[in-house]
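Number of protein chains: 2
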Amino acid sequence: MKKQGLSGVEWSILNSLWENNEMTVKEVQGSIQDLQDKAYTTIQTYLERMVKYKYLKKRKRGSINFYYPVIDRESILKQETTSFLSKIFNGSVSNLAAFLLSTDNISKEDLKKLKSILAEEEKKHE
Amino acid sequence: MKKQGLSGVEWSILNSLWENNEMTVKEVQGSIQDLQDKAYTTIQTYLERMVKYKYLKKRKRGSINFYYPVIDRESILKQETTSFLSKIFNGSVSNLAAFLLSTDNISKEDLKKLKSILAEEEKKHE
DNA sequence: CTATATTTACTACAGGTGTAGTATTGCTAC
DNA sequence: GTAGCAATACTACACCTGTAGTAAATATAG
Numbered sequence: 114m115k116k117q118g119l120s121g122v123e124w125s126i127l128n129s130l131w132e133n134n135e136m137t138v139k140e141v142q143g144s145i146q147d148l149q150d151k152a153y154t155t156i157q158t159y160l161e162r163m164v165k166y167k168y169l170k171k172r173k174r175g176s177i178n179f180y181y182p183v184i185d186r187e188s189i190l191k192q193e194t195t196s197f198l199s200k201i202f203n204g205s206v207s208n209l210a211a212f213l214l215s216t217d218n219i220s221k222e223d224l225k226k227l228k229s230i231l232a233e234e235e236k237k238h239e
Numbered sequence: 114m115k116k117q118g119l120s121g122v123e124w125s126i127l128n129s130l131w132e133n134n135e136m137t138v139k140e141v142q143g144s145i146q147d148l149q150d151k152a153y154t155t156i157q158t159y160l161e162r163m164v165k166y167k168y169l170k171k172r173k174r175g176s177i178n179f180y181y182p183v184i185d186r187e188s189i190l191k192q193e194t195t196s197f198l199s200k201i202f203n204g205s206v207s208n209l210a211a212f213l214l215s216t217d218n219i220s221k222e223d224l225k226k227l228k229s230i231l232a233e234e235e236k237k238h239e
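Protein chains in written order, with the working numbering: chain Z, 114 to 239; chain U, 114 to 239.
Think of the hints as simulated: they come from the structure by calculation, not from any bench.
Take these hints with a grain of salt, some might be off.
Repeated chains share a single entry, so a pair holds when one copy, or any two copies, can fit it.
[Claimed, not checked] Okay, derived cross-link-like pairs now, DSS-like style, lysine-lysine, Cα gap no bigger than 25 Å in a straight line:
| id | residue 1 | residue 2 |
| --- | --- | --- |
| 1 | Lys-115 | Lys-236 |
| 2 | Lys-171 | Lys-151 |
| 3 | Lys-151 | Lys-191 |
| 4 | Lys-173 | Lys-200 |
| 5 | Lys-151 | Lys-167 |
| 6 | Lys-151 | Lys-237 |
Computed from a predicted model, the values in this text were never measured in an experiment.
All chains, please: the whole structure from these sequences, using the hints.
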């Protein structure tokens, strides 16, 4: 079968690795709240599978494995966003925004930030 | 294990059913491009599993099964959107918008629509 | 009515995914 | 240098998911 999109945990792991460049199993576990109560080998399995699927590579320092990302954050972001938007909102952010507004699912702050981002964009293209 | 989010196909099926109230296997297959070249029983399996997971129910008319949705479109939209945004964009639409703008991944039309939706909202709250 | 086609109900199977156990290897503190 | 702890490598297992085959029931055309 084909690998699905990234799961929440895989995403957290990637975020940690993008920030820290390379990490051991233990460090990864330490950095992610949701993994705190999981078995050490569970995290190991995640990491090994992500290597298998070419999201990561590993390198040994001494006898310890260090994992590091070999995929680009921006391209994954784009891929996940595109697939989400096209699946649910016919590919359109404005549809998403319309939904959030009409159902009151956006915070005041976020709405404000959204407006200011767009205003900013406006300026740039004057 | 836990059911993942809705797959693309499941989403299409739900959309068809929300529009048509109830449909047979054949009708579902006919209504979705991506299922055209799949075996009839593949669609049947999708539908039966969606019944098992309580997205749908079925009712017999004569000896034919008709499937219909028992979940609310809006609540699923909300659930999927929330989980996507929190997974990838820290729960914030403005982060998503910022990403799309900075990487030039939004069409002119969509951007225009987005602005007009926000302007509209502005008016409503005067 | 009977041969054919449709539909259902059930089964199957490979690969994904969350979760973790076990055996072995290697490090560390006496 | 050895007992114990930590890390690696490997294996396991149940449920998910895409895909579909098969047998039995039912409808349909002639």
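Results for each hint:
1. Lys-115 to Lys-236: neither (43 Å within a copy, 47 Å between copies)
2. Lys-171 to Lys-151: within (21 Å within a copy, 39 Å between copies)
3. Lys-151 to Lys-191: Neither: 30 Å inside a chain and 29 Å across chains, both beyond 25 Å.
4. Lys-173 to Lys-200: Result: close neither inside a copy nor across copies, 40 Å intra and 30 Å inter.
5. Lys-151 to Lys-167: Within one copy only: 23 Å inside a chain, 29 Å across chains, cut-off 25 Å.
6. Lys-151 to Lys-237: This pair counts as neither: shortest intra-copy Cα distance 47 Å, inter-copy 48 Å.
In terms of the numbered hints stated before, the structure departs from hints 1, 3, 4 and 6, listed from lowest to highest.
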